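Just so you know, the protein sequences line up as chains A and B, in that order.
Numbering follows my numbering, in which position 177 of the first sequence is assigned residue number 194; successive positions increment by one, without gaps.
Numbering follows my numbering, in which position 140 of the second sequence is assigned residue number 157; successive positions increment by one, without gaps.
If you're looking for bench data, these hints aren't it; they were derived computationally from the structure.
Predicted model only: the values in this text are computed from it and were never measured.
Among the hints, erroneous ones may be present.
A pair counts as met if it fits within one copy or between any two copies, since identical chains are not told apart.
[Unchecked claim] Below are the BS3-like pairs computed for lysine-lysine, each with C-alpha atoms no more than 27 Å apart in a straight line:
| id | residue 1 | residue 2 |
| --- | --- | --- |
| 1 | K147 | K347 |
| 2 | K245 | K120 |
| 3 | K351 | K245 |
| 4 | K351 | K120 |
For reference, the chains in residue letters:
Number of protein chains: 2
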Amino acid sequence: MKERQLLMLPGPTPVPPEVLQALARPMINHRGPEFKALLDEAAEGLKEVFRTSQEVLILTGAGTGAMEAAVSNFVSPGEQVLVVSIGSFGDRFAQIAERFGAKVDKLEFAWGTAADPAALAERIKADVDKEIKAVFVTHNETSTGVTNDIPALRAAVGDHPALFIVDAVSSLGAMPLETDDWNLDVVVAGSQKSFMIPPGLAFACVSPRAWEVAARCTNARFYWDLVKARKSAATGQTPFTPAIPQVAALVESLRIIRADGLEDTFARYRRLREMTRQGVRALGLELLAADAVASTAVTAVLPPAGLEANTLRKAIRERFNVVLAGGQGKLDNKIFRIGHLGYVHELEIITVLAALELTLTLCGHRVELGSGVKAAQAVVLAAVGA
Amino acid sequence: MKERQLLMLPGPTPVPPEVLQALARPMINHRGPEFKALLDEAAEGLKEVFRTSQEVLILTGAGTGAMEAAVSNFVSPGEQVLVVSIGSFGDRFAQIAERFGAKVDKLEFAWGTAADPAALAERIKADVDKEIKAVFVTHNETSTGVTNDIPALRAAVGDHPALFIVDAVSSLGAMPLETDDWNLDVVVAGSQKSFMIPPGLAFACVSPRAWEVAARCTNARFYWDLVKARKSAATGQTPFTPAIPQVAALVESLRIIRADGLEDTFARYRRLREMTRQGVRALGLELLAADAVASTAVTAVLPPAGLEANTLRKAIRERFNVVLAGGQGKLDNKIFRIGHLGYVHELEIITVLAALELTLTLCGHRVELGSGVKAAQAVVLAAVGA
Chain A
18 MKERQLLMLP GPTPVPPEVL QALARPMINH RGPEFKALLD EAAEGLKEVF
68 RTSQEVLILT GAGTGAMEAA VSNFVSPGEQ VLVVSIGSFG DRFAQIAERF
118 GAKVDKLEFA WGTAADPAAL AERIKADVDK EIKAVFVTHN ETSTGVTNDI
168 PALRAAVGDH PALFIVDAVS SLGAMPLETD DWNLDVVVAG SQKSFMIPPG
218 LAFACVSPRA WEVAARCTNA RFYWDLVKAR KSAATGQTPF TPAIPQVAAL
268 VESLRIIRAD GLEDTFARYR RLREMTRQGV RALGLELLAA DAVASTAVTA
318 VLPPAGLEAN TLRKAIRERF NVVLAGGQGK LDNKIFRIGH LGYVHELEII
368 TVLAALELTL TLCGHRVELG SGVKAAQAVV LAAVGA
Chain B
18 MKERQLLMLP GPTPVPPEVL QALARPMINH RGPEFKALLD EAAEGLKEVF
68 RTSQEVLILT GAGTGAMEAA VSNFVSPGEQ VLVVSIGSFG DRFAQIAERF
118 GAKVDKLEFA WGTAADPAAL AERIKADVDK EIKAVFVTHN ETSTGVTNDI
168 PALRAAVGDH PALFIVDAVS SLGAMPLETD DWNLDVVVAG SQKSFMIPPG
218 LAFACVSPRA WEVAARCTNA RFYWDLVKAR KSAATGQTPF TPAIPQVAAL
268 VESLRIIRAD GLEDTFARYR RLREMTRQGV RALGLELLAA DAVASTAVTA
318 VLPPAGLEAN TLRKAIRERF NVVLAGGQGK LDNKIFRIGH LGYVHELEII
368 TVLAALELTL TLCGHRVELG SGVKAAQAVV LAAVGA
């Protein structure tokens, strides 16, 4: 018998059983009243998670598709944009913008650190002719486990007219994000992270100001045309045949998220992050991100000297069926990443730490068995003041 | 209790129970060995359905996304293309090509008829400077239930160097299509038709000649970049997080398709088409498409005089939970469409005809009860020589 798999990725994340069941329902007409009811309930629930009074569009595809939409609907060829990048997904925004003909200026920070709002303010201030039409920012950089301070970065742009566009693919629902209150123009997200449903859907929320830009944007787009998506959404439809199972699943997962409440969910994720970080530290391993900028969605860990990250990942998967993420781009084989969002709770973190202790030992790197687990347990008790 | 729904659409089509169950499996790592095994098996099975020795790429999105890929990877801005259109989806190819900067020449035929190969040959012959870089053709026009003669249209292009690009979204697996033998350069398809899985995936097959064009194509693309998808596919991955449930379902459905055999499946669809057409005719209703070009995937029917198509559709859905498709674009409310592909068999066609007889009568249009059913039953018996 194959052991139960512990999927500890920053997406796809584990899916609750009632949500899995919703995936297996018979097909329905995507132009009929049953689907309209699903889409309307999902869109309404998404507004609560996005913290917006604007509509949220439901698109079929990966989060990267919504990132493309965030470029091709708001930036015309030849226009100047500024991409703030702290890792692989920040770089992706820059690549997409380049592919769609933008003049891309990149404000980069070392992988594992967060963006410095003062540096952004300086760059914005230097743009006296207001050439920059959009600023692209990653909220939670999945590749490094670092969270940017979006309100501070938004403040750094100030009253410069550039649109402020946020990749919230791995952050939304995993940490506070206030689309309206933070004055964000475009926010995009994906389904397979904190939404606890499988990959296949992406979401986009657009400010009135950004809709005006979209109306005159000349860039090439059809499938990811948000104006078209908005027009369909107004009739309870999507412009093209949607991933119906994921929409049905989303309705179920949003019910769970609403019942739990966003604040309690965020508190749980903060606790899981602390358990992970304290546990890993107790084993003598180094964390990539500093505490102040550490993500509540995913934690990046450096393996002990002499042990390659991918060797460790392979060993823990083959021996214990625990799936950890690897490093991306220049961090490949240098780090491993523990996802702790979605349908994940305290005992899973403890289990993973126990498996990590065993695997490190089996890989020839002796650690004190139980020490990581104990540190994580202490976080659980501290959270209830015990 | 709600009555069992009969979903008679040209997509999404009903999904077999074992395929539905595959959708509800726990999530796995899309960068791990379990997913690689699924993707490899699916890609191998797809090659059999596409009748090709080339690889078939699995993309996450609607069929329209693959249509966009068929434009943006092979046509550079400013290039001339010829779009053969016999309906709504032919028009869509033209719209996408325009959005992506092509100079679009449209060869149109009346909705409900097929494209005339002689007219295409004439247009191609007139292009003495070989300005046309690609010819776009719809195999099965879902909006009208008409099937184009692809080998004849391909022959009409002859040795003109234009790429021959086929929308097979609703045809592939529902009628013969020979990607290699017919010398097709790009063939795109969707998941929610004859593949009997929910919407969420699209497929693309590309000839060596077309890959060369893609390598120098300057059009804007990122999410739908097929070169990138091909590079990932070679490692058993997708460039962006895929719709994992649909890939697992596809593996199951391809097992069914292989076990049934393509030829037997095509014969079944031809039988379902004949049952539908004979049944509808026996009720005195008019068919949009002539017999010679009638689709094995979907049949378009004109309602009796004095009864609007959408009134009839609403009545049959509300009273009997039978879901029929409406007309698209200029055919809206003028026709209704009966899908007969995917997980659909003889008794479903008979059931739908019985419901149609009852609904027509309830709508004030008297028909002889049982006459449509009887005509369809005769087709079943004739098929076995009884």
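Numbers of the earlier hints that this structure fails to satisfy, in rising order: Violated hints: 1 and 4; rest satisfied.
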